[in-house]
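> Given next are the chains, with one letter for each unit.
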Amino acid sequence: MLNKTGIPTAEDVKTVTPSQERLNKGPVAIIECFQKIPCNPCTEACKQGAILPMQDINDLPKMNFDNCNGCGVCLSRCPGLAIFIVDASYSATEAIVRIPYEYVPVPEAGSEVVGVDRAGKELGTFKVEKVQSGGPKNKTYTVWLIVPKEMAMDVRSIRLGGVRHAN
Amino acid sequence: MSEVKDIEILIIGGGPAGLSAAAAAADLGASVLVLERDGKLGGQLVKQTHKFFGSKKQYAGDRGFQIGDLLIGTCENNSKVEVWSDTTALGIYEDGVVTAERDGKHLKIKPKKIILATGASEKMIAFPNNDMPGIFGAGAVQTLMNVHGIVPGKRVLMIGAGNIGLIVSYQLMQAGVEVAAIIEAAPAIGGYLVHASKIRRAGVPILTSHTIQEAYGKDSVEGAIICQLDDKWQAIPGTEQDLKVDVICLAVGLSPLTELCFQADCQMKYVPELSGHVPLRNDYLETTRPGLYVAGDVSGVEEASSAMVEGRLAGISAAFSLGYGKDLAPKLQAEALAELSELRSGPAGQKTLQGIRKLMDKGEALC
Numbered sequence: 000m001l002n003k004t005g006i007p008t009a010e011d012v013k014t015v016t017p018s019q020e021r022l023n024k025g026p027v028a029i030i031e032c033f034q035k036i037p038c039n040p041c042t043e044a045c046k047q048g049a050i051l052p053m054q055d056i057n058d059l060p061k062m063n064f065d066n067c068n069g070c071g072v073c074l075s076r077c078p079g080l081a082i083f084i085v086d087a088s089y090s091a092t093e094a095i096v097r098i099p100y101e102y103v104p105v106p107e108a109g110s111e112v113v114g115v116d117r118a119g120k121e122l123g124t125f126k127v128e129k130v131q132s133g134g135p136k137n138k139t140y141t142v143w144l145i146v147p148k149e150m151a152m153d154v155r156s157i158r159l160g161g162v163r164h165a166n
Numbered sequence: 000m001s002e003v004k005d006i007e008i009l010i011i012g013g014g015p016a017g018l019s020a021a022a023a024a025a026d027l028g029a030s031v032l033v034l035e036r037d038g039k040l041g042g043q044l045v046k047q048t049h050k051f052f053g054s055k056k057q058y059a060g061d062r063g064f065q066i067g068d069l070l071i072g073t074c075e076n077n078s079k080v081e082v083w084s085d086t087t088a089l090g091i092y093e094d095g096v097v098t099a100e101r102d103g104k105h106l107k108i109k110p111k112k113i114i115l116a117t118g119a120s121e122k123m124i125a126f127p128n129n130d131m132p133g134i135f136g137a138g139a140v141q142t143l144m145n146v147h148g149i150v151p152g153k154r155v156l157m158i159g160a161g162n163i164g165l166i167v168s169y170q171l172m173q174a175g176v177e178v179a180a181i182i183e184a185a186p187a188i189g190g191y192l193v194h195a196s197k198i199r200r201a202g203v204p205i206l207t208s209h210t211i212q213e214a215y216g217k218d219s220v221e222g223a224i225i226c227q228l229d230d231k232w233q234a235i236p237g238t239e240q241d242l243k244v245d246v247i248c249l250a251v252g253l254s255p256l257t258e259l260c261f262q263a264d265c266q267m268k269y270v271p272e273l274s275g276h277v278p279l280r281n282d283y284l285e286t287t288r289p290g291l292y293v294a295g296d297v298s299g300v301e302e303a304s305s306a307m308v309e310g311r312l313a314g315i316s317a318a319f320s321l322g323y324g325k326d327l328a329p330k331l332q333a334e335a336l337a338e339l340s341e342l343r344s345g346p347a348g349q350k351t352l353q354g355i356r357k358l359m360d361k362g363e364a365l366c
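Each protein sequence line maps, in turn, to chains A and B. Reminder that position 27 of the first sequence reads as 26 in numbering that gives the first Met the number 0, one-by-one numbering, no gaps. Reminder that position 148 of the second sequence reads as 147 in numbering that gives the first Met the number 0, one-by-one numbering, no gaps.
Wrong hints could be hidden among the right ones.
Stated by the list, open to error - Once the Cα atoms are required to be at most 30 Å apart in a straight line, the calculated DSS-like pairs of lysine-lysine come out as:
(1) Lys35(A) / Lys231(B)
(2) Lys138(A) / Lys153(B)
(3) Lys357(B) / Lys3(A)
(4) Lys35(A) / Lys357(B)
(5) Lys13(A) / Lys24(A)
(6) Lys35(A) / Lys55(B)
(7) Lys35(A) / Lys56(B)
(8) Lys330(B) / Lys35(A)
(9) Lys138(A) / Lys55(B)
Unchecked claim - Far from chain B by the CB rule (all over 12 Å, computed), these chain A residues:
(10) Gly25
(11) Asn66
(12) Pro78
(13) Ser88
(14) Tyr89
(15) Glu111
(16) Thr124
Note that these hints are calculated values from the structure, not bench results. The beta-carbon is built from N, C-alpha and C at its ideal position, and this holds for glycine as well.
Chain B extracted, bound-state conformation:
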């Protein structure tokens, strides 16, 4: 019979949301344990070499990896925060026990509160030969280049002109790799236009209303056939182009990593604006399972700046529910809520706001 680890707040995921949650809860006095599947904390922040948007409160102007270092440092220097890296959470059970795996050992944890900050995973699209060597997810390209210092190839076709597609294209060029084109099936660029302009003036064409028809090559990618789409998203015959590339990079969106939410029996809803199935939650990010909070992309795919604020909000709320920060917590909660609505108040945040309204609308079917 293995020992059960008791902890006040268990945070699953050590990315921007999880680390912000850990720091906020520990600052109010709660004891926190962070589980991280990877060997190193920081989540996707460690690969982000560009400067972040937002305001000073979300470290705007600093580069993603610098923000990651800052958050990691804050948690490592806080005696109230314990970190288990290389540890994968496996399940959340009815009696409140959370199980995890590390070094082949089955671990049991009994937390008073749980914050799920598991992030998101990359989507895939269907086209002939999409399983060929040389076809990467954008996250893999970032890991190869920015963590391991290895370029994925010589000439890249980027699929998707959202922020990830634009940023990874920029990083590829910074690494000396040629980007043949960025194609985007939608009629408009989805990411921030300042990122698009930066890449365009470096000479990379951004082709909206374009898709990939197939990849080809003998043993690995040697090229791709792309074509233009009409306003009904149908291929226009005769617009095919043959691009000689050895890498095709997919940046076609993210899905919230909600397996643990389903397994913990949180009420879930499919909300396209939030990029998939997400758990219902109140303003303070507590799900329908009492004591279980969510923060970051798992609660709806958004920018890292809002993930950090959500993490802080969930951390404060979980600590407050345990009796910490009696006077301070409500003020901090109000500040975090104000920051979130500020970040989402512009045109770029409308999709998220609409998604959250849909999520909390009682009229539709739940699963």
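Same shape as in the complex, but just chain A:
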């Protein structure tokens, strides 16, 4: 169905999700890349030995979740904006989801935003914990969202704001 709608299915997502035990331990990269395309910047970005080198540049990324420290370098390097960092150890009830963001305005730390799922469906209003700039060359921002723990594997973007050219 992903190739008809653009929405990864629950089964797709399952294939890239670490164990609950690993999620609870602390930040970890979730690489939602489900199609073999010639692309490997994530493997070069990872200095932790967590994203394994590819035999063929068309291979899907493979993770060793135990080596991942959630540094997020891969998130800002992925040309497909397909990598998210989930930290289920944030508090007893909340998790942090870090998302790549390339729209304006970039939300500010401390502000409230509407989180959406992989289909763009609104899931609620969440607080922005932190915003990281990718720098003048990379330009991709990383937005840290505080979400209820049970939504950590569902929140994947925020509703766009800013200038609309509609009436």
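Given the coordinates of chain A, work out where chain B should sit on it, guided by the hints.
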């Protein structure tokens, strides 16, 4: 009688393939002249604001315009490369003379080798009122927004879910324009699924097996009727939807810009997998006209990453044939060929590989 410009390698087209060819040939010591129809080098790269795929060797992770700046810089800083911008190549003649036009002047060039890197042009589809103001090609939308800073309208219907349709939809949203939907006649999304997912989670529906029935409006586009297609690509009655949009953007594919190949009498073949008529060529991209090479979309529509590698391969090969890089060139050729087969080895590259096999299959009719 106008003067004839002598040059070792003439490159027609200053996009990713042409610039890569120029840099590679000049690095081996050849003197190069690049003709560019536009006022500025870079081709389509200057409008690409997204990060490119591929590997480090093709600048993956950098944005298209950044790669364009890099390639332009490399050529401008190389004393072996001369650039004539605002110059349109007109013809390649039997005696080897190439003619061009600049500022209303007719120019003559006598190159020892030629590399054609003319790129591709956008396809059009037929539907009622497809000539109405408000209907754009995706390339025009990119030029308006990303070169001139002008949005094409307020609410857009994108036609085509290949990489161009997906990327231009994303860029429209980045510019604050609403995208009502992306429709695609094929039953599956043609572009990279990571691009599709990025747009979908921003709330834009991607409707596969859908087509446009008509555009309507008084003086310009006010809406479009779309409908669903069955598995035989026929409209399903009762599935019509009326979308209120002021822009319809067409991203329905590209055709290789091969007029100069035809005119230069290269043997041509129609290969659907390569998106149209393309010239026969050997592994080193030399066509059936000796000394005439092709690189990039003109030799079959593909991604910019492979266009850059093809450009490099053609540049090395042309320089090598003039006696440059005696020791180094074969090694560089082998590296470029290895990169090309690496880029094309996955499922996304199968169409191109099949096209190239068909192109070089001697059994079928040539034109």
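> Compare the structure with each hint and give your call.
Going down the list of hints, with the structure as the test:
Distance hint between lysine 35(A) and lysine 231(B) is fulfilled; the C-alpha atoms sit about 28 Å from each other, no more than 30 Å. Of the supplied pair hints, the one linking lysine 138(A) and lysine 153(B) holds, its CA atoms being roughly 25 Å apart against a limit of 30 Å. Of the supplied pair hints, the one linking lysine 357(B) and lysine 3(A) holds, its CA atoms being roughly 29 Å apart against a limit of 30 Å. Simply put, lysine 35(A) and lysine 357(B) have alpha-carbon atoms about 24 Å apart, close enough for the 30 Å limit, and the pair holds.
Between lysine 13(A) and lysine 24(A), the direct Cα distance comes to roughly 18 Å. Compliance with the 30 Å bound is thereby established for this hinted pair. Restraint check: the Cα-Cα separation between lysine 35(A) and lysine 55(B) comes to about 17 Å, which is no more than 30 Å; the hinted pair holds. Our distance criterion of 30 Å between C-alpha atoms is met by lysine 35(A) and lysine 56(B), whose separation comes to about 19 Å. For the proposed pair lysine 330(B) and lysine 35(A), the alpha carbon gap of about 29 Å is at most 30 Å, so the pair holds.
Our distance criterion of 30 Å between C-alpha atoms is met by lysine 138(A) and lysine 55(B), whose separation comes to about 18 Å. A cut-off of 12 Å between C-beta atoms confirms that glycine 25(A) is not in contact with chain B; the least separation is 25 Å. The claim that asparagine 66(A) is not at the interface with chain B holds, since no C-beta of that chain comes within 12 Å of its own (minimum 21 Å). Interface exclusion of proline 78(A) from chain B breaks down, the closest Cβ pair being 4 Å apart, not more than 12 Å.
A cut-off of 12 Å between C-beta atoms confirms that serine 88(A) is not in contact with chain B; the least separation is 25 Å. With a least beta-carbon separation of about 22 Å from chain B, tyrosine 89(A) lies farther than 12 Å from that chain, consistent with its non-interface assignment. Chain B leaves glutamate 111(A) outside its interface by the beta-carbon criterion, the shortest separation being 19 Å against a cut-off of 12 Å. Every beta carbon of chain B lies more than 12 Å from that of threonine 124(A), the smallest distance being close to 16 Å; the non-interface claim holds.
Checked against the numbered hints above, the structure breaks only hint 12 and satisfies the rest.
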